[in-house]
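Build the full structure now, drawing on both the sequences and the hints.
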Amino acid sequence: MAGFLFRRLLNYVVLIVVATSLAYMLAAGALNPRANYEGRNPPIPPAVIDARLTELNLNDRTPMFERYLTWAGGVVRGDFGKMVTGGSVNEDLARRIGVTLRLITIGLVLGSVTGVLVGAYAAVRQYGAFDRVSTGASFFVLAIPTVVLANMLIIAAVWVNGLLPQPIVYVSGEFSAGLTGGFWARAVDRIQHLILPTISLSLGLIAIYSRYQRNMMLDVLGADFIRTAMAKGLRRRTALIKHALRTALIPAVTYFAFTFGSLLVGTTFTEKIFGWHGMGEQLVNSIYTNDVNSVAAISCFAAFAVLVASLASDVLHAVLDPRVRVG
Amino acid sequence: MSDPVLEVTGLDVTFGSGPGAVHAVRGVGYALHPGEVLGIVGESGSGKSVTSLAVMGLLPAHARVTGSVRLKGREILGAGEKRLTAFRGKTISMVFQDPLSALTPVYRVGDQIAEAVRIHQDVSRQAADRRAVELLDLVGIPNPAQRARAFPHEFSGGMRQRAVIAMAIANDPDVIICDEPTTALDVTIQAQVLEVLKTAQRETGAAIAMITHDLGVVAGFVDRVLVMYAGRPVETGPVDDIYYRPRMPYTIGLLGSVPRLDVGGRRRLVPIEGNPPSPDALPPGCPFAPRCPMVVPECDAAEPPLEPVGSGDRRAACIRAGEIEEGRTRPGEVYAPSGGGRAGRPAAPGAGAGERRLPAPRGERGTVLAVDDLIRHYPLMKGAVFKRRVGTVYAVDGIGFDIREGETLGLVGESGCGKTTTLMEILELARPQRGTITVLGRDTAAMTSRDRMAVRRDMQVVFQDPLASLDPRMTVHDILAEPLRTHGVGDPGPRVRELLLLVGLDQQHAARYPQDFSGGQRQRIGIARALALEPKLIVLDEPVSALDVSIQAGVINLLEDLKARLGLSYLFVAHDLSVVRHIADRIAVMYLGKIAEIGQVDRVYDTPMHPYTQALLSAIPLPDPEKERSRTRILLEGDLPSPAAPPSGCRFRTRCPKFRDVLSDGERERCVDEEPVIRVLDEDQGAACHYAEKIKVV
Ligand code: SF4
Ligand code: SF4
Numbered sequence: 001m002a003g004f005l006f007r008r009l010l011n012y013v014v015l016i017v018v019a020t021s022l023a024y025m026l027a028a029g030a031l032n033p034r035a036n037y038e039g040r041n042p043p044i045p046p047a048v049i050d051a052r053l054t055e056l057n058l059n060d061r062t063p064m065f066e067r068y069l070t071w072a073g074g075v076v077r078g079d080f081g082k083m084v085t086g087g088s089v090n091e092d093l094a095r096r097i098g099v100t101l102r103l104i105t106i107g108l109v110l111g112s113v114t115g116v117l118v119g120a121y122a123a124v125r126q127y128g129a130f131d132r133v134s135t136g137a138s139f140f141v142l143a144i145p146t147v148v149l150a151n152m153l154i155i156a157a158v159w160v161n162g163l164l165p166q167p168i169v170y171v172s173g174e175f176s177a178g179l180t181g182g183f184w185a186r187a188v189d190r191i192q193h194l195i196l197p198t199i200s201l202s203l204g205l206i207a208i209y210s211r212y213q214r215n216m217m218l219d220v221l222g223a224d225f226i227r228t229a230m231a232k233g234l235r236r237r238t239a240l241i242k243h244a245l246r247t248a249l250i251p252a253v254t255y256f257a258f259t260f261g262s263l264l265v266g267t268t269f270t271e272k273i274f275g276w277h278g279m280g281e282q283l284v285n286s287i288y289t290n291d292v293n294s295v296a297a298i299s300c301f302a303a304f305a306v307l308v309a310s311l312a313s314d315v316l317h318a319v320l321d322p323r324v325r326v327g
Numbered sequence: 001m002s003d004p005v006l007e008v009t010g011l012d013v014t015f016g017s018g019p020g021a022v023h024a025v026r027g028v029g030y031a032l033h034p035g036e037v038l039g040i041v042g043e044s045g046s047g048k049s050v051t052s053l054a055v056m057g058l059l060p061a062h063a064r065v066t067g068s069v070r071l072k073g074r075e076i077l078g079a080g081e082k083r084l085t086a087f088r089g090k091t092i093s094m095v096f097q098d099p100l101s102a103l104t105p106v107y108r109v110g111d112q113i114a115e116a117v118r119i120h121q122d123v124s125r126q127a128a129d130r131r132a133v134e135l136l137d138l139v140g141i142p143n144p145a146q147r148a149r150a151f152p153h154e155f156s157g158g159m160r161q162r163a164v165i166a167m168a169i170a171n172d173p174d175v176i177i178c179d180e181p182t183t184a185l186d187v188t189i190q191a192q193v194l195e196v197l198k199t200a201q202r203e204t205g206a207a208i209a210m211i212t213h214d215l216g217v218v219a220g221f222v223d224r225v226l227v228m229y230a231g232r233p234v235e236t237g238p239v240d241d242i243y244y245r246p247r248m249p250y251t252i253g254l255l256g257s258v259p260r261l262d263v264g265g266r267r268r269l270v271p272i273e274g275n276p277p278s279p280d281a282l283p284p285g286c287p288f289a290p291r292c293p294m295v296v297p298e299c300d301a302a303e304p305p306l307e308p309v310g311s312g313d314r315r316a317a318c319i320r321a322g323e324i325e326e327g328r329t330r331p332g333e334v335y336a337p338s339g340g341g342r343a344g345r346p347a348a349p350g351a352g353a354g355e356r357r358l359p360a361p362r363g364e365r366g367t368v369l370a371v372d373d374l375i376r377h378y379p380l381m382k383g384a385v386f387k388r389r390v391g392t393v394y395a396v397d398g399i400g401f402d403i404r405e406g407e408t409l410g411l412v413g414e415s416g417c418g419k420t421t422t423l424m425e426i427l428e429l430a431r432p433q434r435g436t437i438t439v440l441g442r443d444t445a446a447m448t449s450r451d452r453m454a455v456r457r458d459m460q461v462v463f464q465d466p467l468a469s470l471d472p473r474m475t476v477h478d479i480l481a482e483p484l485r486t487h488g489v490g491d492p493g494p495r496v497r498e499l500l501l502l503v504g505l506d507q508q509h510a511a512r513y514p515q516d517f518s519g520g521q522r523q524r525i526g527i528a529r530a531l532a533l534e535p536k537l538i539v540l541d542e543p544v545s546a547l548d549v550s551i552q553a554g555v556i557n558l559l560e561d562l563k564a565r566l567g568l569s570y571l572f573v574a575h576d577l578s579v580v581r582h583i584a585d586r587i588a589v590m591y592l593g594k595i596a597e598i599g600q601v602d603r604v605y606d607t608p609m610h611p612y613t614q615a616l617l618s619a620i621p622l623p624d625p626e627k628e629r630s631r632t633r634i635l636l637e638g639d640l641p642s643p644a645a646p647p648s649g650c651r652f653r654t655r656c657p658k659f660r661d662v663l664s665d666g667e668r669e670r671c672v673d674e675e676p677v678i679r680v681l682d683e684d685q686g687a688a689c690h691y692a693e694k695i696k697v698v
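These protein sequence lines are chains H and V, in that order.
To convert, note that position 249 of the first sequence is 249 in the UniProt record's numbering; the numbers rise steadily by one, no gaps.
To convert, note that position 538 of the second sequence is 538 in the UniProt record's numbering; the numbers rise steadily by one, no gaps.
Restricting the straight-line Cα-Cα distance to at most 30 Å, the calculated cross-link-like pairs of lysine-lysine (DSS-like) are:
#1 V:Lys627 x V:Lys198
#2 H:Lys272 x H:Lys82
#3 V:Lys563 x V:Lys536
#4 V:Lys82 x H:Lys242
#5 V:Lys72 x V:Lys198
#6 V:Lys90 x H:Lys242
To be clear, the hints were calculated from the coordinates, so they are not data collected in a lab.
This is the structure:
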């Protein structure tokens, strides 16, 4: 197991290096930070612009490879360079990563667990009311884009809030600025802010996972070993949970890494819409502002996160499925 | 007699409702007394497995079950889950057909057995684990304590079935239902598992209901037999009566259609004409009437009930059973050509067994296929991204045989012996890794693509699964016309009609699609297609193993007739040695990529020389209760070694009973060090064993 993990890790490091380097080159080639300074009134002298750009390691007059080396040298020391505004990418991202991870982790856990349960139950009651409703709902959710879904949620929330004496969910930001009160008051406030974006993230996941799990579960339900388990004298429920669900979970777990990646993309919209200052929001902003270093750093982080998720799913897979443990 | 432990009366199972409802089981009843073994015999679709699932209460919710099932006097049909779970696995337990999927893949074997113990007994986890190890030991798993910690995928099929049996006897049940427990296993493993079942029965004293399609498996094991047809019992009685004095035409037909391992000299099989009725379109009266050679108009009036015939505990559902009992019609005559019946297509087109011309001596006939020192090795790869070779699978490792004109060679062996690889190598018509393949006088290594085309015309193939090898979008006419057109025959029409006639199909069938036919008919289409270009050699890959016995007999007869009429040669690859005895002139027995024994069929069957052939033949159950009871089996131990790491010297030595029990240490050394080659010890019989000697085992 240790050897297996070590080899995996080594593979991943290589992959991250390649992915990040490519992302940097792409960003450095496609984005044009010089444009940020040109066409201003009064015009900034070119020498000043050059000096400023060179200071930020963004000068397109320096050969790209040289810029890349400078950048890479920094990255190896743990420094992702400077933003166009002059601030440190590291500091900015450090703050945002926390925001995004909180959102993603809660959304992912909520989404996959609920999705798996919904799917498993739908499979057990195949063609029953629950199965039909959940099937319809998942296709509905999958058919509408995240943006629309989030806005629908906001509209619904505003409407619900309007009916109540006091708002119960907030539609924008991470917390209410200037809130006074103790720890609990602040915690409640944060949760109230968290609800909507989390729901909007996990709805899609629930839809996907429930479909997926339903199919897996249906495969397993017809398997002989469920019959064996019941012939032993297990109740149907126990047999279904202990033998069927446990076996049908394995593919869902491998699916985990994949959804993690798509979720990183999903948060871009969610953060923008709900006014969360996370990585997704910054990615969009940094492309607007030709912020090569931020784009590269975020790509690096995304690659890292996806691979960590994939490692986690490999490990979980090995834990859940004895058949892959050999060798 | 004591009260029955399990009493089933008037059991009915219907799937679905309304006009589409399928009445799968109709009025099944039997009683199982303590310690008794009942064989429930039937072909596919006879409702035998559905019956047992209904008894266990394991049918899906959309099945409607009525009737009565009394376990130790208490009604359990329709009981609530609480009561059902209390007796399932404790009073009554079950062994399923497919051991590969019967165990949950993610739990250790020992834990799954311990789970069965803990459901019904209030014992600690450690005690349950200990009991699991004991049980594994009882069913003959070596190193049980260590193997209990293995996962199902680390067990071979035979070992998994042992584990399932261990689970079934964990709580000392009163009744064990075995649903085709050995069907998925190789014969030598089947013999082991049957032995384990006998042990299990001795240990627990349980009554066993043994469900099977194989009349051999139950012959030596059961006390009574229940024969099922079209969802209902058609005959029941003590085992000897059923086998020696059958009273119902279906039973008579079934027994007559089984190829016998113990009968040489080509007794012609007696197939039952037609196909079993589908459960949603039963004939009005006796469901067997459309196939019955004794049918009379009264048979269509009403379904005959299962009524006592003669003395003793015999029952048969046939209005003419009394006649057979009184001897007015002898069982042997029921299927005689004069037996009448409206299914009566002329028994077989062309020459029967009697008209067979005496062929020239073997040595004077030309060779159609010669294989010499053939090798096929596969690299064993590992790793996902960077594949590396970690070993070699010696799938076929130096074999040789030849087939003469008008001859059938049976290539037999258990799964993993290399027989299919051999067949594929021959069909490929390419240069082998080593050795030579000569088809119709031409060496495959030197063939041009034009030669290949010509040889393909003369060498045709028939596969096991008729449906998979026939294009579902083509009509039968198109399927048969295709090879003709490819090889430039102008108007295929007349030839297609001829072919259909040849294989015993109606000419009107030409416009239909393969899926409209039953398994046996499809296989006939496959044979007709192979015959289209008048080949000289036909390679048959398990051509009858997917068919029920009553259908299989017809196809075997057809193959024999065609051979006699058209002067064909067959390479017949199969795992069923009884079928091979019937059809082959010579036989080659493969083990782990090598030929263990080769020779004339009756010599090899009557007096096999290689210890493996002896074990193989002795493992096959005979449909003859008395012979079965008096036979002693040569049981092989363990499983087939991996073909990637064959034992040194003689490949069979790890399982060889002779090596284990008979030879001295000095003699053994030779088996370990020196690889035996085939020595011809008698006229046309050779074995690859240093200490080969003839033994009679059947
Ligand atoms: S009842 Fe008639 S058709 Fe049925 S088995 Fe007897 S003789 Fe044949
Ligand atoms: S050579 Fe030895 S081990 Fe091999 S079959 Fe003969 S007796 Fe058995």
